[in-house]
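Novice: Working from the sequences, and respecting the hints, build out all of it.
Per my numbering, residue 1 is the first one in the sequence shown, and the count goes up by one each step.
Be aware that a few hints might be false.
Derived BS3-like pairs (lysine-lysine); straight-line CA-CA distance at most 25 Å [said to hold, decoys possible]:
1) LYS173 <-> LYS152
2) LYS69 <-> LYS183
3) LYS173 <-> LYS198
4) LYS67 <-> LYS118
5) LYS142 <-> LYS67
6) LYS69 <-> LYS121
7) LYS183 <-> LYS227
8) LYS5 <-> LYS64
9) LYS229 <-> LYS173
10) LYS86 <-> LYS67
11) LYS198 <-> LYS186
12) LYS112 <-> LYS67
13) LYS112 <-> LYS149
14) LYS183 <-> LYS229
15) LYS29 <-> LYS64
16) LYS29 <-> LYS112
17) LYS118 <-> LYS198
18) LYS198 <-> LYS152
19) LYS64 <-> LYS142
20) LYS5 <-> LYS29
21) LYS86 <-> LYS118
22) LYS121 <-> LYS86
Quick caveat, the hints were computed from the structure, so don't treat them as lab data.
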Amino acid sequence: MTKKKLCPLCNRRLPNRICPVRGEEICSKCCGLNRASDGCDENCDYYRPVTVRKEVNEALPVYKVLKSKSEGSYAIVVSRERTNGKLQYIALLIDVWKMGLKDCFGSHSITKQDFQRKIIKMWGNLSIFAEISLAEALWTVKYGLRIAKEVKTRIPREFEEYGYILGDMADVKVEGSLYKCFKCGKGEISDDEVELIKEITRHDVAAGVCGTMAETMVYFVCDECRKNKTADKHR
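Specialist: Pasting the structure below:
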């Protein structure tokens, strides 16, 4: 009797759909769980209906774009005002030092009062945020996606649901080293340092300690910030 081939991702269920990214059949359950995390695009018959279901309505004016005044992990909130006066928004948690985009939630329709209450409930108060440009927010999100895909952080399914609120990110360019300077957030670091961060990230994710006091603490800076620190010491 020929043994049935199982899904290569879960090794439990029977495969029933072709995955263009992997070039082989996987089961529908794994397709749903991993969708958008492995480079899925509109060439996929199963991913395309999700992406076209919601129109990217960039005509809706931006209401507020917020970024937390933190280091390493940022909360990004992008909201737009609907024609009925209510808001649609997406909130994302992006770990630029390790995991990339790791959490997301939002709403398709919410009053301005409830929007403010939700943000306060999640983060305590609005003073932890600074208003930023939409361009900066989109760059940070695209950067978070790049890191997440590289280190295999699972993209939250909520990003599929609310990502359209961001608008088109096709022209947003994130170049250079995978991880940036931990001080200025823009400077390049070496390939060896990037590989070390990736190794530490995979270890901490497997151990379930990312975001806890037990996670491995690392800190890398670019050449420019290193020079500035040395210059300050000699003043």
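Novice: Is the Cα-Cα distance between LYS183 and LYS229 25 Å or less?
Specialist: The hint holds at about 11 Å.
Novice: Quickly compare the C-alpha distance for LYS121 and LYS86 to 25 Å and report which way the hint goes.
Specialist: Answer holds: LYS121 to LYS86 is near 19 Å, not above 25 Å.
Novice: Is LYS142 close enough to LYS67, meaning Cα to Cα at most 25 Å?
Specialist: The hint holds at about 14 Å.
Novice: Does LYS152 lie within 25 Å of LYS173 when you go C-alpha to C-alpha?
Specialist: It holds: about 20 Å lies between the C-alpha atoms, which stays within 25 Å.
Novice: Would you mind confirming whether the straight-line C-alpha gap from LYS183 to LYS227 stays at or under 25 Å?
Specialist: Distance ~12 Å between LYS183 and LYS227 Cα, so the pair holds.
Novice: Given the hinted pair LYS198 and LYS152, is their alpha-carbon gap at most 25 Å?
Specialist: holds, 10 Å
Novice: Verify the proposed pairing of LYS112 with LYS149, using a straight-line Cα cut of 25 Å.
Specialist: Answer violated: LYS112 to LYS149 is near 33 Å, above 25 Å.
Novice: Below or equal to 25 Å on CA atoms is what counts here, so check LYS86 against LYS67.
Specialist: Holds, at about 21 Å.
Novice: Does LYS173 sit within 25 Å of LYS229, going by the straight-line distance between their CA atoms?
Specialist: Outside the cut-off at roughly 29 Å; violated.
Novice: Taking 25 Å as the top limit, are the C-alpha atoms of LYS69 and LYS183 close enough?
Specialist: holds, 13 Å
Novice: Do the alpha carbons of LYS64 and LYS142 lie within 25 Å of each other, as the hint requires?
Specialist: Measuring from Cα to Cα gives roughly 19 Å; hence the hint holds.
Novice: Taken at face value, is the distance from the CA of LYS198 to the CA of LYS118 at most 25 Å?
Specialist: Since the Cα atoms of LYS118 and LYS198 sit roughly 33 Å apart, the hinted pair is violated (cutoff 25 Å).
Of the numbered hints stated above, those contradicted by the structure are hints 8, 9, 13, 15, 16, 17, listed in ascending order.
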